[in-house]
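On the provided structure of chain P, position chain A as indicated by the hints.
Top line first, the protein sequences correspond to chains P and A. Per the numbering used here, the very first residue in the first sequence carries number 1; after that it's consecutive. Per the numbering used here, the very first residue in the second sequence carries number 214; after that it's consecutive.
The hints are simulated quantities; they were obtained by calculation from the structure and are not laboratory data. Quick caveat: nothing in here was measured; it's all calculated off a predicted structure. Hints are supplied without guarantee of correctness; some may be wrong.
Claimed, not checked - In silico SDA-like pairs for lysine to any residue, Cα to Cα no more than 25 Å straight-line: (1) 426(A) with 438(A); (2) 430(A) with 178(P); (3) 383(A) with 120(P); (4) 430(A) with 419(A); (5) 272(A) with 140(P); (6) 272(A) with 738(A); (7) 272(A) with 131(P); (8) 384(A) with 88(P); (9) 430(A) with 118(P); (10) 10(P) with 118(P); (11) 272(A) with 178(P); (12) 10(P) with 427(A); (13) 438(A) with 61(P).
Residue strings, one per chain:
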Amino acid sequence: MSKDDGMTPKVLLLGIGNLLWADEGFGVRCVELLNQRYRFPANVRLMDGGTQGIYLVQHVQEADCLVVFDAIDYGLEPGTLKQVYDDEVPKFMGAKKMSLHQTGFQEVLAMAELTGSYPRELLLIGVQPEELDDFGGSLRPCVRDQLEPALEHALTYLAQRGIEVHPATAAETSLGPQPLQLDLYESRRPSANEACRHGDPRFIRLVSGEDSG
Amino acid sequence: MSSILNASQLDASGRRIVVDPVTRIEGHMRCEVNVDEQNVIRNAVSTGTMWRGLEVILKGRDPRDAWAFVERICGVCTGTHALTSVRAVEDALGIDIPYNAHLIRDLMDKTLQVQDHIVHFYHLHALDWVNPVNALKADPRKASELQKLVSPSNPKSSPGYFSDLQNRLKKFVSGGQLGIFANGYWENPAYKLSPEADLMAVAHYLEALDIQKDIVKIHTIFGGKNPHPNYLVGGVACAINLNDTGSAGAPVNMTSLNFVLQRIKEAQVFVDQVYIPDVLAIAGAYKDWLHGGGLASQNLLSFGTYTQVPGDKSTDLLPAGAIVNGNWDEVLPVDVRDPEQIQEFVSHSWYRYADETQGLHPWDGVTEPHFELGANTLGSRTNIEQIDEGHKYSWIKAPRWRGHAMEVGPLARYIVAYCSGREYVQEQVDRSLSAFNQNTGLNVGLKPFLASTLGRTLARALECQYCADTMEDDWHALVNNIRNGDSSTANVDKWDPSTWPKESRGVGINEAPRGALGHWIKIKDGKIDSYQAVVPTTWNASPRDHKGNIGPYESALLNTPMERPDEPVEILRTLHSFDPCLACSTHVMSPEGQEIIQVKIR
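Looking at chain P on its own, in the form it has when it is part of the complex (with noise of 0.2 Å):
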């Protein structure tokens, strides 16, 4: 059964990662921008995927066309944006993880493509995060520098394959609750310390105000 049977493809706009970590949160945040700004056709739907894992693989099923958002571990300089095309996307499962809460992307792809329903074309636009380890922090700002590049790549992606969007006259609902949303959510937050943002020394590295017990 082909998905588009010659009709319009399906195309999904899809970030993902959990905006309560720093630099995790880059994915939706990129979403959230092109819902605040632009009007897609019908057949382009944009999507604030959270951390859902394994939850997503319908909507991966069911696109032909499928743009993540995403941060990514390429190894590279933290602010680093990168785009990954069709099979060079990771694509795994794991048997040895903990919990379901480790459900990585790679597993949702793994698992789309041995249902046999995998998008036909594929981008990954990923940023290399400088921080993850800050519960309640925001993006980094080599991270937030990336946002207005990463939209332009999608745009450029769009526009080959025809999609036109255009700017945004109305505000549109929003694509998660308001008081998420980067201005308020960073309107708030609390402060380093309050944060534990100098965190488990395992995983974090050692700043000021770090206890030296």
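Chain A only, in chain P's frame:
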């Protein structure tokens, strides 16, 4: 087998095995065990390795917004935290919700329960019992015969169905990047199923993927969207319009309600024909594996859920109650407001209290991080080779009920319900036990059967069945109530903060897929003054307390024999049976593949 409850009974002299997610993006839980000369686990140490400071990010925010934040704590549990949060705020402000909202919330909550239990079993836990590589050797005709035997009513049982699947699987394995199954202990003799049973289970893995996506569409109807459905303090965020002009535009109309009913019925069929038979088949094949009970035979806690008459907890389908010291003849009442009942201790946690021999009730909770390692730690602060469990060793606090470490979750709910005389639950459990004994020729009693890793897995499946069944009752109650002229879905009398008292406090409780969940809130001048969540995994993954009482994970691992200590299938089996909830920030893509866990033997 007697359960070990106190650290003084443990033997840490044998070889130490460390199971640790290694990368920092995966690093949320670590487990260390000592095995004796026969490779039987004699000491177990569970460490939460990640600070998760929900309390601080909510302080000062609008209480009506808290649900949106807590919905992001956890990517998988989403709705359950949001529901518990709005309940806490409603409790603090004295808001009663309309009956429609009560029913719709239960329908959404049960939808999550059904979906989450199915996905947990097939997409996380099954691979502890099922060897998909072995499925490549199966004879599809024999798999077909087996399917007809274990579930005669399941129509997907032809030899062609299984041979098609096997071909797809072969193609996938040979053509994949790292391959779906590169990451397992597939040579380990701990796997006992026949190739045909393994092939059948792989088929159901894929079927489960299909059914879960259909059932969750119920969230889209009632919650506006999925992922991340909308919640509302005072009720639910969806308008009802059955017949009037304009009903086509309302999210809840007769068309969408009929759609919901269809999804409920599909879930019922899947659970009855596939999920329950699979769990019983696995239990039969692993009949000697009644390990992993731990505290389940001793101390169990449920906050109760699915209240039939709003406001009357005695009408909970799965009742609240506590069982302690292994006395299943007595279920004790639970009051989450009582400062003597629920307390969190930190003597073995990376937090600081003024007096660490005292526990604090969540309304008086303090979350002051204090990372400090004991003198017997091996390695360094940034590379711990072996943790010192005699000192502080976890980011998880130690919650206690009247001083007891308690297991929570589907099994706790089921044992409490069984011992409270709930007939539906008793009938399900008795039927399963007799099927197990009949299939295996054993004569296992109720307690050793239920209080085990397999019992935990079975209770989750039975609860999934109960939820799917009773969703239909909720659906009829909702439709009847609407037809009787009630279309109210929200009480907004106290929406405006000017109607609130200067100071108030409340508690929201729920039984989440993983167990008892509580959010305790204090509101002052219209803002959140303090917020403490005690989540199910806090109870189950709890470290020791100042008296040496050990928590459910640690207790459950004890006395379990391991086939190969460097391949901790048995540890994962038991930990997975609890369905651990860890911080969800694990979605960063990387090209090498996720090295999910690392095992070291010292």
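ask   = Taking each numbered hint in turn, which are not upheld by the structure, reported in ascending numerical order?
value = When the structure is compared with the hints, none of them turns out to be violated.
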